[in-house]
Amino acid sequence: MNDRVQKYLAPVLVLIVILVLWEVWVASFNIQKFLLPRPSVILANFAQFFIFEPGDTAAATSTDQFFVFVPANVSRDKLEPVLAGKFADFSLFGRQIVAVKGANLDPILQAAFFTLREALGGFALGCSTGILIALATARWTVTREAFMPFAIAANSTPIIAFAPIMNNWFGLDNPFSKMAIVAIMIFFPMMINTVRGLVSVDARSLELMRSYAASDFEILFKLRIPNSLPYLFNGFKIAAALSMIGAVVGEYFGGPRIALGVFITQEAALFRFSSAWAAIIVACILGIALYLVILAAERLAMPWHVSFRN
Amino acid sequence: MQNPVVSIQNLNKTFGEGTANQVHALKDINLVIQPNEFISLIGPSGCGKSTLLRVIGDLTGITSGQVLINNKSAHQARLDRDYGMVFQAATLYDWRTVAKNVQLPLELMNYSKEKKEGRTREMLALVELSDFAKHFPWQLSGGMQQRVAIARALAFEPSILLMDEPFGALDEMTRERLNLELLNIWQKTQTTVIFVTHSITEAVFLSTRVIVMSARPGRITQDIKIDLPHPRNTDTRENVRFFELETEVREALRRSESKRE
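Protein chains in written order, with the numbering used here: chain E, 10 to 319; chain P, 101 to 361.
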């Protein structure tokens, strides 16, 4: 247990140190907001804490911060419109604290949900077709020899370049246009990984199956597919990262207002960089979350694997 | 006399026939093996002993001659699941527990659930690994893994056990213990064993007959009957007759080497 705490504590501390340095750096060198907003300003897009100071001594902070310190001499009436959206109200250290939803929380969450749906749809489509074609090529050597060179070649091309074409084919506002981009991006690494897993079976393991007079079908299910699991999950990990990239970058070329990529480009175009940053952070968190889900699934699917032995 | 388990006549096997790297792997092999014999194939590396084993197990084809296993072709014998195979590497499936590995052939042969579990329990008891049924292969030592492989090979009661240097990668102590264990198992199960090795001691200790082979082309140079009494145990290794037989095999090997020069 202690080891686990230590394992997670170190990166969390690093994150806090980076955020504090960033905050102090921007504040002390007076870096312009449009170049690099402070973390506290970015976070204020999601939520704000209004802290009512008991005395007049504290200096009033600007109202676009994560923590807004309000001295007693500031009239609360002016803050009423903002405070109306409060979701929590409590006191701590003798101060009243009001927690308010950030102005961009709802639009960003809505956009995140929309983009996540595109990414997941593309993930499902790309992975399933990649695996199916891989199974076919592993079964019929001719198909493998015919397809693999193209798959390997396509895997090293910037498939995202097709995004405008997909937008044109399926319509800018149709989430399927982004799913198609994601699916094509994922298809090749997924197929290549699966084929490798199905084919790179130990010769002795195959001979063992032959000595039992096992059918091709039995060899597939009892040997080739279990053997391909580590390769399959490597494919899933690559696909998880690509799916968020594909969806967000696909949206950079156009899409409905309620999509993360569109939100980011529009906010940036209007010089509202703190909300653009907030949306970027959410996109990153979604990417990491997808990856973690795959890691957890991997542990469940193959607890026997080398990487989980201790 | 009973029908022989293995009957090989004028067997020849050539790899890469008609090419520049043509290798005459097996030349004019004649070999008859009776039920419940324990046969060791011994010879220098490259003498084709593993190839001969693989021919018997129908894992590789032949160039000419005749191979009959239980009075049918080797191919038919494989389809009839007459063989249990044990390789030098245990070749357990990483994703299966010990018990599930032993069950693999039983699954393929559609045993009922009760029979599958019953057989697995019996086999794990036979190789003394009952406490490890739920372990994964990586949690076992090399010797234990090889015992699981033997349990798996015997699980479906094949009439012939083919073993290709099964203890070659193990240390001397483990090898001697497993030799004893294998003899016990062989006597309990009444299977015919064909065992490839390059250890003279191991061959003499285990076998009822030692077949000495020579290399390039691989052929049988001597067929030595091992008349040590059964059951054999650690004392057998200190028996005078044991040393005589060891010497006989060693000299046969030397002769087959020098003949080549």
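Hints are not guaranteed to be accurate.
Said to hold, decoys possible - Which chain P residues face chain E? A few, computed with CB under 7 Å, are given here:
1. 181
2. 183
3. 185
4. 240
Unchecked claim - DSBU-like cross-link-like pairs, simulated, lysine-lysine; straight-line CA separation at most 35 Å:
5. E/110 x E/87
6. E/42 x P/200
7. E/87 x E/42
8. E/246 x P/234
9. E/231 x P/325
10. P/213 x P/200
11. P/172 x E/95
12. E/231 x P/234
13. P/215 x P/325
14. E/231 x P/288
15. P/216 x P/200
Unchecked claim - Just a few of them, taken from the derived set where beta-carbon distance is under 7 Å, the chain P residues facing chain E:
16. 159
17. 160
18. 162
19. 194
20. 208
21. 211
22. 232
23. 233
24. 236
25. 350
For the record, the hints were derived by calculation from the structure and aren't laboratory data.
Where a beta carbon is used, it is the ideal one built from N, C-alpha and C, also for glycine.
How the hints compare with the structure:
no.	hint	verdict
1	181	holds, 6 Å
2	183	holds, 5 Å
3	185	holds, 4 Å
4	240	violated, 12 Å
5	E/110 x E/87	holds, 17 Å
6	E/42 x P/200	violated, 63 Å
7	E/87 x E/42	holds, 25 Å
8	E/246 x P/234	holds, 30 Å
9	E/231 x P/325	violated, 42 Å
10	P/213 x P/200	holds, 12 Å
11	P/172 x E/95	violated, 86 Å
12	E/231 x P/234	holds, 18 Å
13	P/215 x P/325	violated, 38 Å
14	E/231 x P/288	holds, 31 Å
15	P/216 x P/200	holds, 10 Å
16	159	holds, 5 Å
17	160	violated, 10 Å
18	162	violated, 16 Å
19	194	holds, 6 Å
20	208	holds, 5 Å
21	211	violated, 12 Å
22	232	violated, 14 Å
23	233	violated, 15 Å
24	236	holds, 5 Å
25	350	violated, 30 Å
The structure shown violates the earlier hints numbered 4, 6, 9, 11, 13, 17, 18, 21, 22, 23, 25.
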